[in-house]
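Asker: The primary structure of each chain is shown beneath.
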Amino acid sequence: MLAPDTRAAHPRRTLLLTGLPLLVAGLALAGWAFTTEVVVTIVRMLLLAAGVLAAIAGLGKVAHAVCGRAVDVVLWLGIGWLTFILGAAILAPWLPLGNHDDAVAGLTAPIFAQPGDGYLLGTNNYGLDVFSRAIHGARTSILVALLAVLIGTTVGGLVGMVSGFVRGTTDRLVGIVSNSLLAVPPLILLIALGTVLDPSVRSIAFALSLLTIPSMVRLARANTITVAEREFVLAARALGASRMRLLRREILPNVVLPVLSLAVVMISVLIVAEASLSFLGIGIQPPQPTWGNMIAEGQGGVMEEHPYIVVVPSVCLFLTVFSFNLLGEKAQARWDTRSAKL
Amino acid sequence: MAGSGTAHLRHDQPRALTVDDLVVEFPVAGGTVHAVSNLHLDLLPGETLGILGESGCGKSSAGRAVMQLPPPTAGTVTLGDVELTGLKEKEMRRARARMQLVLQDPVSALNPRRKVKDLVVEGLEIWGWGERDQRGKDAFVDELLTAVGLDPEVVRERRPHELSGGQCQRVCIARSLALDPDVLICDEPVSSLDVSVQAQILNLLEQARERYRLSMVFIAHDVAVVKNISDRVMVMYLGKTCEVLPSDGLERTALHPYTRLLLDSVPRESDAERRGEPAKAVELPSPIDPPSGCRFRTRCPLATDRCAAEEPQLRELRPGQFVACHHVEA
Amino acid sequence: MTAPTTPLLVVDDLRTVFHTARGAVRAVDGVSFTVARGETLGLVGESGSGKSVLGRTVMGLIATGATTTVTGSVLLDGQDVHGLSRGRRRRLWGPEVAMVFQDPMTSLNPVKRVGTHLTETLRRHLDCSRAEARDRAVDLLRQVGIPEPARRLRQYPHELSGGMRQRVVIAIALACDPRLLIADEPTTALDVTVQQQILDLLGSLVEERSMAMVLVSHDLGAVAGRTDRVQVMYAGRTVESGRTRDVFAAPRHPYTEALLASIPQLDAPPHTVLRAIEGTPPDMARPPAGCRFAPRCAVRHDDCAGAMPALVPLSMPLSVGSPAASYDREVACHHPTTSAAFAAPGGPDGR
Numbered sequence: 001m002l003a004p005d006t007r008a009a010h011p012r013r014t015l016l017l018t019g020l021p022l023l024v025a026g027l028a029l030a031g032w033a034f035t036t037e038v039v040v041t042i043v044r045m046l047l048l049a050a051g052v053l054a055a056i057a058g059l060g061k062v063a064h065a066v067c068g069r070a071v072d073v074v075l076w077l078g079i080g081w082l083t084f085i086l087g088a089a090i091l092a093p094w095l096p097l098g099n100h101d102d103a104v105a106g107l108t109a110p111i112f113a114q115p116g117d118g119y120l121l122g123t124n125n126y127g128l129d130v131f132s133r134a135i136h137g138a139r140t141s142i143l144v145a146l147l148a149v150l151i152g153t154t155v156g157g158l159v160g161m162v163s164g165f166v167r168g169t170t171d172r173l174v175g176i177v178s179n180s181l182l183a184v185p186p187l188i189l190l191i192a193l194g195t196v197l198d199p200s201v202r203s204i205a206f207a208l209s210l211l212t213i214p215s216m217v218r219l220a221r222a223n224t225i226t227v228a229e230r231e232f233v234l235a236a237r238a239l240g241a242s243r244m245r246l247l248r249r250e251i252l253p254n255v256v257l258p259v260l261s262l263a264v265v266m267i268s269v270l271i272v273a274e275a276s277l278s279f280l281g282i283g284i285q286p287p288q289p290t291w292g293n294m295i296a297e298g299q300g301g302v303m304e305e306h307p308y309i310v311v312v313p314s315v316c317l318f319l320t321v322f323s324f325n326l327l328g329e330k331a332q333a334r335w336d337t338r339s340a341k342l
Numbered sequence: 001m002a003g004s005g006t007a008h009l010r011h012d013q014p015r016a017l018t019v020d021d022l023v024v025e026f027p028v029a030g031g032t033v034h035a036v037s038n039l040h041l042d043l044l045p046g047e048t049l050g051i052l053g054e055s056g057c058g059k060s061s062a063g064r065a066v067m068q069l070p071p072p073t074a075g076t077v078t079l080g081d082v083e084l085t086g087l088k089e090k091e092m093r094r095a096r097a098r099m100q101l102v103l104q105d106p107v108s109a110l111n112p113r114r115k116v117k118d119l120v121v122e123g124l125e126i127w128g129w130g131e132r133d134q135r136g137k138d139a140f141v142d143e144l145l146t147a148v149g150l151d152p153e154v155v156r157e158r159r160p161h162e163l164s165g166g167q168c169q170r171v172c173i174a175r176s177l178a179l180d181p182d183v184l185i186c187d188e189p190v191s192s193l194d195v196s197v198q199a200q201i202l203n204l205l206e207q208a209r210e211r212y213r214l215s216m217v218f219i220a221h222d223v224a225v226v227k228n229i230s231d232r233v234m235v236m237y238l239g240k241t242c243e244v245l246p247s248d249g250l251e252r253t254a255l256h257p258y259t260r261l262l263l264d265s266v267p268r269e270s271d272a273e274r275r276g277e278p279a280k281a282v283e284l285p286s287p288i289d290p291p292s293g294c295r296f297r298t299r300c301p302l303a304t305d306r307c308a309a310e311e312p313q314l315r316e317l318r319p320g321q322f323v324a325c326h327h328v329e330a
Numbered sequence: 001m002t003a004p005t006t007p008l009l010v011v012d013d014l015r016t017v018f019h020t021a022r023g024a025v026r027a028v029d030g031v032s033f034t035v036a037r038g039e040t041l042g043l044v045g046e047s048g049s050g051k052s053v054l055g056r057t058v059m060g061l062i063a064t065g066a067t068t069t070v071t072g073s074v075l076l077d078g079q080d081v082h083g084l085s086r087g088r089r090r091r092l093w094g095p096e097v098a099m100v101f102q103d104p105m106t107s108l109n110p111v112k113r114v115g116t117h118l119t120e121t122l123r124r125h126l127d128c129s130r131a132e133a134r135d136r137a138v139d140l141l142r143q144v145g146i147p148e149p150a151r152r153l154r155q156y157p158h159e160l161s162g163g164m165r166q167r168v169v170i171a172i173a174l175a176c177d178p179r180l181l182i183a184d185e186p187t188t189a190l191d192v193t194v195q196q197q198i199l200d201l202l203g204s205l206v207e208e209r210s211m212a213m214v215l216v217s218h219d220l221g222a223v224a225g226r227t228d229r230v231q232v233m234y235a236g237r238t239v240e241s242g243r244t245r246d247v248f249a250a251p252r253h254p255y256t257e258a259l260l261a262s263i264p265q266l267d268a269p270p271h272t273v274l275r276a277i278e279g280t281p282p283d284m285a286r287p288p289a290g291c292r293f294a295p296r297c298a299v300r301h302d303d304c305a306g307a308m309p310a311l312v313p314l315s316m317p318l319s320v321g322s323p324a325a326s327y328d329r330e331v332a333c334h335h336p337t338t339s340a341a342f343a344a345p346g347g348p349d350g351r
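Protein chains in written order, with my numbering: chain U, 1 to 342; chain F, 1 to 330; chain Z, 1 to 351.
Keep in mind the hints are simulated off the structure, nothing from the lab.
One or more of the hints may lead you astray.
[Unchecked claim] Over 10 Å on every C-beta distance to chain F, these chain U residues come out as not near it, computed from the model: (1) Ala49; (2) Ala236; (3) Ala238; (4) Leu260.
[Stated by the list, open to error] What the simulated footprint calls covered on chain F by chain Z, stretch by stretch (three residues with Cβ under 8 Å from a Cβ of chain Z suffice, anywhere in the stretch; the number is not a length): (5) 159-170; (6) 194-207.
[What the hints assert, rightly or not] 25 Å max Cα-Cα, derived DMTMM-like pairs, lysine to aspartate or glutamate: (7) F:Lys90 with F:Asp180; (8) F:Lys88 with U:Glu305; (9) F:Lys88 with F:Asp21; (10) F:Lys117 with F:Asp133; (11) F:Lys115 with U:Asp72; (12) F:Lys280 with Z:Asp80; (13) U:Lys330 with F:Glu162; (14) F:Lys117 with F:Asp81.
By construction, the Cβ of each residue, glycine as well, lies at the ideal position given by its N, Cα and C atoms.
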């Protein structure tokens, strides 16, 4: 009944035979849709999407055939993209990139150069290199998001853990504060903070971290309460463990993973939030690039003439957020106590 | 079963553990749960006291209250000659370490993220290793694991989820023994285990008691299991004591109607001959609003008006056998 | 309708395999048995023995799918349960076969009233009016010994005690007069004194309705007094089967014998050293070769790890008073024990 050898060999060939053509056809379709001007934009978009999906499906089959088991291609593409964009962002100062923020030097460069004409992804209205700005923008956007998540996770996680562990009045106070933070619409909170704080990376990160703290507190608190009721905590108390030790040795290790999984999802939320702030002009100020203020450059009819000005940062934003979300979801499925059986 | 009273206490002998007038109550929506009401017990050095009862009789609450986890609503617990109730947090933790707890579900009693070798010596990590160096520590871990019948080479580096329930319970017992306690409180230590593994753990507890000269409180619902391991058995119903009696021959000597009911409920082959109308379901009384007088009276075949009005006290009906019932006589 | 002489339930070489990330778990691995009309069969085993999966597979609740393979046959009154379409199979549940599960809290829907549970089942299968269904529901609750049945109909499951809930579950199972009742650890979640009541109730219902019952349990005591025949399972296979009285009086498989000996006896003096079975039940993703009990068996021989012993009939009656013709006794062991064979009936010995 089970004949693994023949069964494995046969589908492998089938997988390759269906996967490869699908991949090639998908890529071709996407490429054609991207460059052609025969059909209207909306149809091009749909064809592009179809091509990309087909290519991913094809790649999935090819990967299955090569690795001998089903592979989550989308996840690996996401990880690949994140590696690329994070690597580029970190190395940006040392990479041979074009002028990204010196408007004076940009005076001598062509403005709104089309992609390809000596500039990989063209230039903007100040003659600054869009590709270079996208990379440097990633640097700022991701840095702000990571910093904010770091603050939010540490503060929110600790506060949530302590309030879930000691309960009582502390817990009630923490509950009131975090619920009030949740009750204020985030955008209004950010705009209010934006008017008070100077628009530097540090203060934007601080402002954004306020958005993450309440949900972190909630998650850490909920997980702490579940863990604290489990018998191994009782057993440790019976051995004479102090409260500090209980928190550090018994509870923290069981709470940290679900909190980190949420942190990954939070990164993507904050990248979007930062982009919105910059788009509205209350975030990082131009000419220092972020994806948000790069997209804002497309306002006032620029986008219709020069779509790449908006497309480049948008695609970067989309791919990064999508990848972080995917990663966060996988992490939550694996580590969040509410879904995992411990 | 209202049974209160202190007739069964042995004031004239040195006692490892004394519990006086223990009360455990906790608030719930709609009232207060009277989990344990005026419980008295004592434990001689080297003795095993079995506490027998069904769910909701307060046996687990009593065990935990003795450990001060959480401290009882009222009453005193004296370990050796140290009164635990009223000690400061730090002193309490130290005094309590002379008493250890073995819980029902061994898998969840172990932190899933830690290894066996760290779990068994957790108590020593807390209270200090004395003059052992690293080699001494490793040897001690191996000694403990061997003492509870585990192969150190196999289990030392494992995490709880990689072990079976029986193996986890052995780790829990090893961890309790590491601190060289005087009193071991076992709260249903075998009821989540398979029949074949249950016997292993019962034998192990029996060996450990002798080897480490422990006094033991063994809490369980299974009459045969409790009888096998105990010297003396206390039967509880709805937070009160019904009967205290020597375990030897208890299936014949037990007098309290509730103890008899428990004994009759043990399934046996002769059940095949039981014919006739099966019992009607009865509404079990709630620990939020326990019956007046004798708490067992709503289910008792001997109940009279007196049982509702007056709470029976423990009386010594035979030497060493104390029964809280108005009606039975030896 | 088949002739009443044929057994009600015929299970032949049933195998249930779960395909997990760790490999194929053969939860039930080639089990056969029959249940005659009105007969009670006990399926005994520890956790991981496959007894619960077996009960569910017989019921048709576990069907072949992406992660599960079921082979072999289950003939219920001549109908192959696994050969039926989903809809036809669902029509068996109720009038032909019904099941009582271990945990009465989770097998009742917490947001439905007791009455709704009962009348829904009745109206689905019996095509009766709302009022008739209600009357029958009251009657059923009375039959399972629930006081004030009319009031109970309006209550929610959480308002009842555990024993009362299990009675409701039994009433639902009986609603359509099944010919076979599969009770999967029906008393495990209940208190000792209530367990006895529920077993008494099941016993008398089975007798009144001449219903057949398969009682799945880890509690040897419960099975001993309540079943006509017993089948002992270990690691997905049957190790021994026979008339309950014979098996308990003179176990022939070392596992059955050791299992009986490992239970503390009420009439033994305190501090009796128990005869424990060493080791732990096997990992069902990687069962041992040969006899699955061999690694834990106190009387294993060299050949035990080699070939898997088949379940073969024992010809010689060993207990007094069973004529050879009716002696239906099977053991899967290369070296069946004889030590307890002449022990006094009524209890395991060998301490």
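Asker: Each hint should be assessed against the structure and marked as holding or not.
Answerer: Quick rundown of the hints versus the structure:
1. Ala49: 43 Å, holds
2. Ala236: 7 Å, violated
3. Ala238: 4 Å, violated
4. Leu260: 14 Å, holds
5. 159-170: Holds: 3 residues of the region 159-170 of chain F have a Cβ under 8 Å from chain Z.
6. 194-207: It holds, with 10 qualifying residues against the three required.
7. F:Lys90 with F:Asp180: 19 Å, holds
8. F:Lys88 with U:Glu305: Violated, at about 77 Å.
9. F:Lys88 with F:Asp21: Holds: F:Lys88 and F:Asp21 sit about 21 Å apart, inside 25 Å.
10. F:Lys117 with F:Asp133: 15 Å, holds
11. F:Lys115 with U:Asp72: Roughly 32 Å separates the two Cα atoms, so the pair is violated.
12. F:Lys280 with Z:Asp80: 38 Å, violated
13. U:Lys330 with F:Glu162: 24 Å, holds
14. F:Lys117 with F:Asp81: With Cα atoms ~33 Å apart, F:Lys117 and F:Asp81 exceed 25 Å; violated.
The structure does not agree with the numbered hints 2, 3, 8, 11, 12, 14 stated previously, though it agrees with the rest.
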